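S.K.: Residues per chain, in single letters:
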Amino acid sequence: MIELTNVTKKFGNMTAVNNLSLHIEKGSLTMFIGPSGCGKTTTLRMINRLTPFDRGNIIVNGTPVKDIDPVELRRNIGYVIQEIGLFPHFTVFENIAIVPRLLKWEQKKIEQRIEEILELVTLNQSFAQKYPLQLSGGEKQRVGLARALAAEPEILLMDEPFGAIDPINRLKLQDSFLEIQEEIKKTIVFVTHDINEAIKLGDKIAIINEGNLIQYDNVSKILSDPANEFVENLLGQDRNIKALSLKKAKDYVLKDGFITVLDTESHESIEKKMKEKNIGIAFALDKNNHLKSRFVLEKATKIKKQKFIYNPVPWIIERQNNINETLSKMLEAGEKQLPVVNRKKEFVGIIKLSNIFEEVNKKTNISRGIKLIT
Amino acid sequence: MNILSYYLNNFDRIISALEVHILIFSVSLIFSIIIGISISIFVTQEGRKKIGRIVLSVMGAAQSVPSLAIIALIFIFVGIGVKPAIIALVIYGLVPIIFNTTSGILSVRPNIIEAGRGMGLTQNQLLWRVKIPIALPVIMGGIRSSATIIIGSATVAAVIGGGGLGDFIFIGLRMHKPEMLISGAITVSLLAIIVDYIMAKIEKKVVSKGLQIKKT
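Those protein sequences? They're chains V and F, same order as listed. Sequential numbering from 8 applies to the first sequence in my numbering. Sequential numbering from 2 applies to the second sequence in my numbering.
Hints were generated in silico from the structure; no laboratory data involved. Note that the structure is a prediction, hence the values are computed from the model and not measured. One thing to keep in mind: the hints can contain errors.
Stated by the list, open to error - Taking lysine to any residue and the SDA-like style, the derived pairs with C-alpha atoms no more than 20 Å apart in a straight line are:
| no. | chain 1 | residue 1 | chain 2 | residue 2 |
| --- | --- | --- | --- | --- |
| 1 | F | LYS206 | V | GLN136 |
| 2 | F | LYS210 | V | LEU269 |
| 3 | V | LYS255 | V | LEU130 |
| 4 | V | LYS312 | V | GLU278 |
| 5 | V | LYS111 | F | TRP129 |
| 6 | F | LYS210 | V | GLU353 |
| 7 | F | LYS210 | V | LYS314 |
| 8 | F | LYS210 | V | SER143 |
| 9 | F | LYS205 | F | ILE133 |
| 10 | V | LYS73 | F | LEU212 |
| 11 | V | LYS280 | V | LYS314 |
| 12 | V | LYS137 | F | THR123 |
| 13 | V | LYS309 | F | LYS205 |
| 14 | V | LYS137 | F | GLY142 |
| 15 | V | LYS257 | V | LEU142 |
| 16 | F | LYS210 | V | SER133 |
| 17 | F | LYS210 | V | PHE100 |
| 18 | F | LYS210 | V | LYS255 |
| 19 | F | LYS202 | F | GLY142 |
| 20 | V | LYS137 | F | VAL207 |
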């Protein structure tokens, strides 16, 4: 999809990018990471010719970028930067419509597309008529992503898109970004300086230092097999724990062991259903499949009678939460199983503590040759 | 009472002087806008930022030159009449327009321009769809002060035969006719206030709502 061959860029005497070769696969999310000034942003900007390169060749979709008119090239590649750069004098609608309008789409098609894309980035349709100044940081970021995706480019270039967002919202944006990517399968090049972000989001990571490509591989390969000390330091002491974070809640979602009911049903009928099926947990969903509440039927013991508990605001796990986040939520909630939802807050299943521990156990056995006592 | 009766007795003359004044003002302002914005666009093009900054400091200094000095200079080189008056007013009116337009365009945040380029806007599209609309509140501010300055200076331009309401003031001054002087002064002041009001309305209309909302 994107092929960089021996690309070199100098700013005066300083070599920003040195003889860099890299093949980016179609539909993959490739993270560029390295210290500031390492050439990762320069490399990204050379792909859409915002920065010209001195030597080498970059081929996008079979055509050398040097042979494509830069304006034409950029209209076919989505681009998101850290400060987003929404146009303050345009509404959200007009901002998203910029590239489709440049490409002379029909008004009707544009309107349809914007409705679709707002849905994709989980923004309410009423946002279309708002102005950027009326949005929060996270909302601006979503609009920025929507704008970059509006004309359905195959390639998306993202330059530290979540860099200016506070840590809590950044995690949320990363989760929903991953879900969106799962849906749209674009070829994405993503620049970051945050190793956790690189591990969490990336299919592949390209580690760059002083203009040189140090290591380029799958995330798990990089974690298990760092090329040199530089990569080891970048990954940090806790790279084994980081490796755990590669697993996501969605890998453990169970579709059984619970029942779902409509949130309009009476508690009595729910209790009856649970007793009939002999199932201890029920989730009440509304028509849109949104999780509304949870019911627990505790088993009777010798000293305790059977108890029916109604939980109006249950803890939830997002599909894209990694195991670390999932475990931490479970500990906080004091629960052995929690419901899982997707970015649209639709219920998808449950996740069990015991399943996660099985995985940890397996991993430890393989890598250390010792057995974890559970 | 004197002033009122003077005003009523000479109403026709005042109105025709007002018409001349408005004509001189409008022609001068339109030329100032066209020339001023063109110059600003020229000096703020990519790669000419240095020239833009120089122009800014020159214009900053030029704002302190008195209008009479410019009018006198034009009189020396071009002579007497309506045309020299308009030339002087256009030059004088250029200063705030160039100053504001240049600084407005130069202060559009670089990330907005970067995003625009990254989406494939051409230089022209960047200028007309992004830079100028975003700088418009500042540009309109420049046009407004230019309008006020031109109306005021047009009064002074009467000394080189520009005509208009300035005639009333200067003749009234020379002939010791305070009622004549005051009639001219009041009319020209009203004109300035009304024009500024209209300009403010236009500004509100043409500037995007997105730039007018206060952050909540």
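S.K.: Run every hint past the structure and note whether it holds.
M.R.: Against the structure, the hints come out as follows:
no.: 1; hint: F:LYS206 with V:GLN136; result: holds (18 Å)
no.: 2; hint: F:LYS210 with V:LEU269; result: violated (44 Å)
no.: 3; hint: V:LYS255 with V:LEU130; result: violated (24 Å)
no.: 4; hint: V:LYS312 with V:GLU278; result: holds (15 Å)
no.: 5; hint: V:LYS111 with F:TRP129; result: holds (18 Å)
no.: 6; hint: F:LYS210 with V:GLU353; result: violated (36 Å)
no.: 7; hint: F:LYS210 with V:LYS314; result: violated (58 Å)
no.: 8; hint: F:LYS210 with V:SER143; result: holds (18 Å)
no.: 9; hint: F:LYS205 with F:ILE133; result: holds (15 Å)
no.: 10; hint: V:LYS73 with F:LEU212; result: violated (38 Å)
no.: 11; hint: V:LYS280 with V:LYS314; result: holds (15 Å)
no.: 12; hint: V:LYS137 with F:THR123; result: violated (26 Å)
no.: 13; hint: V:LYS309 with F:LYS205; result: violated (77 Å)
no.: 14; hint: V:LYS137 with F:GLY142; result: violated (25 Å)
no.: 15; hint: V:LYS257 with V:LEU142; result: violated (30 Å)
no.: 16; hint: F:LYS210 with V:SER133; result: holds (17 Å)
no.: 17; hint: F:LYS210 with V:PHE100; result: holds (14 Å)
no.: 18; hint: F:LYS210 with V:LYS255; result: violated (44 Å)
no.: 19; hint: F:LYS202 with F:GLY142; result: holds (12 Å)
no.: 20; hint: V:LYS137 with F:VAL207; result: holds (18 Å)
Figure legend: structure checked against the earlier numbered hints; hints not met, in rising order: 2, 3, 6, 7, 10, 12, 13, 14, 15, 18.
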